[in-house]
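**Student:** Chain A is fixed; fit chain B onto it per the hints.
Sequence lines, in order, name chains A and B.
Per the numbering used here, the first sequence runs over residues 1 to 251.
Per the numbering used here, the second sequence runs over residues 1 to 168.
Treat each hint with caution, since some may be false.
To be verified - Counterexamples of contact, computed for chain A against chain B with all Cβ distances above 10 Å: (1) SER5; (2) ALA39; (3) THR52; (4) HIS139; (5) THR151; (6) TRP166; (7) SER210.
Stated by the list, open to error - Cβ pair distances, simulated, as ranges: (8) A:TYR73 to B:GLU70: 25 to 35 Å; (9) B:VAL82 to A:ARG227: 32 to 42 Å; (10) B:GLY42 to A:PRO89: 52 to 62 Å; (11) B:PRO76 to A:SER250: 15 to 25 Å; (12) A:PRO247 to B:ARG72: 58 to 68 Å.
To be clear, the hints were calculated from the coordinates, so they are not data collected in a lab.
These figures come from a predicted structure and were not determined experimentally.
A virtual CB, placed ideally from N, CA and C, is assigned to each residue, including glycine.
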Amino acid sequence: MEMASHFEYLLRLADDRLVLGHRLSEWCGHAPILEEDIALANMALDLIGEATAFLGVAGKAEGKGRDADALAYLREAVEYRNALLVELPNGDFAVTMVRQLFFSVFALLQAEALARGTDADLAGIAAKAVKEMRYHVRHSSDWVVKLGGGTSESRARAQRAVDDLWRYTGELFLADDVDRAAAAAGIGVDPSTLESAWRGTVDDVLARASLTTPETSYMQRGGRDGRHTEHLGHMLAEMQIVARSHPGASW
Amino acid sequence: MNAAGLTPGDVLAILDEVKDPEVPVLSVVELGIVRDVQLDRGGVTVTITPTYSGCPAMRVIEEEITAALEARGLSPVSLKTVYAPAWTTEWLSDEAKKKLERYGIAPPGAARQETLITLTRSPASESPPCPYCGSRNTELRSEFGSTACKSICYCRACEQPFEAFKAL
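Isolated chain A, as found in the complex:
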């Protein structure tokens, strides 16, 4: 597989997880209950760990001596390749959990497919991620069902979160030449092949939560090409400030 395209593909895998992991870490100390604070921090840790592993592989594929830290801390927003969904602000707890459901069902299906790939490094990281994503899917689906079946307030907030985030889900399944090349090389997965399974699971969870799946209309896109919302730059500023202010520092 051509290097630039290979690198690009790996960044998409890594950046979805790095950005969402950082977003979840913003809940640390602010979650509604202690157990949930711990759960969100745990999920953040899984995602950041997976991102570190994917970035390590990306750095090797690029061959310019950039390690996971260099790729995480020294890239600008336009160089990030995550989907827009994961960079959106956390909103209320319903927004965070609905987003987590949407992403982790996608990530689980994607990891299951990647684990069958021919690149041993990538397949190994993905096989590990499958186990972690099962927990994330269960946790977020539990919460969405709970919020949907809770009070009129929690139900209204959960439905609003579903309605607001829906237009960011289409981008997860958009396939371009980079995805198709990775799939053709046997190392990656064409995301468009995951959509029907994703939809089946998400519809099932929303139905159990007595929430309505929105009509699909316009879908936002741009993250895979580095065209992000204004939120990513602010997030990266906070995430990168220490590493950029003290280059090469260790502690």
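**Tutor:** Just chain B now, with coordinates in the frame of chain A:
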């Protein structure tokens, strides 16, 4: 045997003294974090695998493995991290599980193999017996605990919260 007069078995015995900082009752060998040991002339290469992708204890574990082996005259000590095969609690021996239980952490059950998710689950079937009083009248409070590898449970019989090692 290498220049320091050690066999791979000796190295494993040394590493069996290196405890996991989060679960100090088990060694990195018992946990299955150490996957392989290769001796060369004077040094050693230890292959390790993380329990969870983001396990924050991995760096400390690497430092402690290096220190333990250097103290026994092995140099250089190099560490190699692998992700495949993915770590599983199936690697814990019955002996290791007993140690966990005596320490107050419920040992892991069989790892789940389902492909996607089960939405309808009964909390009772998900929570292990209480490590303190042995009662099965327990409930799962949260699948995420003080470390990535543990969940939080509660025993209704002795009214104690306890941690359980997650099956992975």
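**Student:** Hint compliance check: list the failing hint numbers for this structure, sorted ascending.
**Tutor:** Violated hints: 2, 3, 4 and 12; rest satisfied.
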